[in-house]
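*Asks:* Residue numbers (the working numbering), protein chains in the order written: chain E, 45 to 250; chain Y, 45 to 250; chain F, 45 to 250.
Mixed in with the good hints there might be a few duds.
Copies of the same chain look alike in the list, so a pair counts if it works inside one copy or between any two.
To be verified - Straight line, CA to CA, 20 Å or less: simulated EDC-like cross-link-like pairs of lysine to aspartate or glutamate:
1) K145 - E210
2) K148 - E121
3) K222 - D233
4) K151 - D135
5) K213 - E53
6) K248 - E226
7) K148 - E210
8) K145 - E189
9) K176 - D237
In case anyone wonders, no lab produced these hints; they're calculated from the structure. In this text, all values refer to a predicted model and were calculated from it rather than measured experimentally.
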Amino acid sequence: MWRIIPKEEKFFNMFQVQADHVVKSARALVEILENYSIETLDAKAAEIRTLEHEGDILTHDIIRKLNQTFVTPFDREDIYSLASRLDDVLDLMEGTVNRMKMYKIQKVTPELITIAKIVLQSSEEIARAMGKMHEISHIADHCIEINRLENEADLVTRQIIAHLFENSKDPIEIIKWKELYEYLELATDKCEDVANILEGIMLKNA
Amino acid sequence: MWRIIPKEEKFFNMFQVQADHVVKSARALVEILENYSIETLDAKAAEIRTLEHEGDILTHDIIRKLNQTFVTPFDREDIYSLASRLDDVLDLMEGTVNRMKMYKIQKVTPELITIAKIVLQSSEEIARAMGKMHEISHIADHCIEINRLENEADLVTRQIIAHLFENSKDPIEIIKWKELYEYLELATDKCEDVANILEGIMLKNA
Amino acid sequence: MWRIIPKEEKFFNMFQVQADHVVKSARALVEILENYSIETLDAKAAEIRTLEHEGDILTHDIIRKLNQTFVTPFDREDIYSLASRLDDVLDLMEGTVNRMKMYKIQKVTPELITIAKIVLQSSEEIARAMGKMHEISHIADHCIEINRLENEADLVTRQIIAHLFENSKDPIEIIKWKELYEYLELATDKCEDVANILEGIMLKNA
């Protein structure tokens, strides 16, 4: 029953673990926003901070392994970019809660929850794609969906900011909320980068 | 009369088509700004959106071809970066009209037209350089001019924003216009990136 | 007494010179801020502008040499990234003084000096690491310290901006200072990128 695990398995496995970190962090973020209170923000954000920290260590592990491995399952650069973009998604979610604390946000808008939910959907698609990296041709649908979600987030965020400028006359509120919306929307851009890298890997191995 | 078209020809040709998209979009942008009205913005912006969309498809085609080609005329990475930066220029021009709509801009400032005209000049230099990629040593002058235009845009934009802060006392107006100026100016940075990649290609093939 | 200087020596040497530019610029910036007056800003900023300009030429020289060298001491990409990120640090310091002029800053806050001093510390660590590139295993401690300084800058900047929003009720002041703080803090991010590239080189050569 002894089985040789080829090197690439370890990379696959590491990326799956990282995608799980991303999904867990996105779920924690949606939960924080849906039941928001400034008093509990710091305590609740601890999970997101832990996931970001664990993700950071894993990113370093992937890059260390990459630097020590002669033969990799995919192009070295793709592995490097994939690890970096997943790390970016984790950073952006932690950055969002950090900014909410920094701006002493008292009440969350439904608009921020809307964007967070798109980030969660994108994260789940990434995790599904990562689960199919052994049969890479099966990931195409997930990549298409991640691209669609990015377009949706882009459009929705522009409408949200347009409303913000129409309805708020307080420039300081505009500065804070514009940044929160744009910052969290960036996470869907990074998810799209992940999808594009996966598509590239798929094509190279077609 | 039968002629073998080497693979690289297709890359050259694709980049020329993409540079044409960029020039057409920059021309459309200048035209929109010079004859601006919020009522016609959406209809007029359609051309820029179409060019961005066609550019997007072409970028994907270039990268797909790159992933399926063993021998490329230049370094794979240079082709990838070149395609990505040209795509960025198209995105930034579309993003500018999107932001004008988002901010319900009623009247365009001459300052925004000034920046748009520098973007147009840079785009035209890129198209000229792309037309000479078979004899890559001839592109140096265009690259120098693109670098000069980026410096000019940088300086001009700083002066424009300095005036904005001096002359406007409305913070919400400042937020909107500062972003529009800076955002469009970014297009000249991406043009400079294109020039630098072309220069690198030139040196490697010297 | 005749000695062959291998090619890599020239790269080592160029990076050391560039790191010196960075340290000198950071020192000049701290000096400008500690003895600030809007009247002398332009004259005093000349040194930072000169260092940025010399750094620009050196960056081009490194990339030119890279494009003409078949065998490099490290991966080509690492050399390219290292040159680009050091160039970014110089750009960000020049950009900071440019923005102070643009915003007609009359009086510097102690908070901006705090961030500038962290940038200076990071720069000095980079210079120390660069001095040990022949024995690359010795640079680890410097890289760890640069990462620590980036975390510190991140946390400090968030506290500074939180205070800015609490204590200032003038949105235009908030826009100016928020940008200055965040912009200069970016320099520590680029220093961290430098450290990460150096760590990667170290691992590949372990």
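*Asks:* Against each hint, give a clear statement of whether it holds in the structure.
*Replies:* Hint by hint, here is what the structure shows:
no. : hint        : verdict
1   : K145 - E210 : between (25 Å within a copy, 12 Å between copies)
2   : K148 - E121 : neither (40 Å within a copy, 42 Å between copies)
3   : K222 - D233 : within (17 Å within a copy, 23 Å between copies)
4   : K151 - D135 : neither (23 Å within a copy, 34 Å between copies)
5   : K213 - E53  : neither (55 Å within a copy, 56 Å between copies)
6   : K248 - E226 : neither (33 Å within a copy, 37 Å between copies)
7   : K148 - E210 : between (23 Å within a copy, 9 Å between copies)
8   : K145 - E189 : neither (32 Å within a copy, 27 Å between copies)
9   : K176 - D237 : within (18 Å within a copy, 32 Å between copies)
Going down the numbered hints, you'll see the structure goes against 2, 4, 5, 6, 8, while the others check out.
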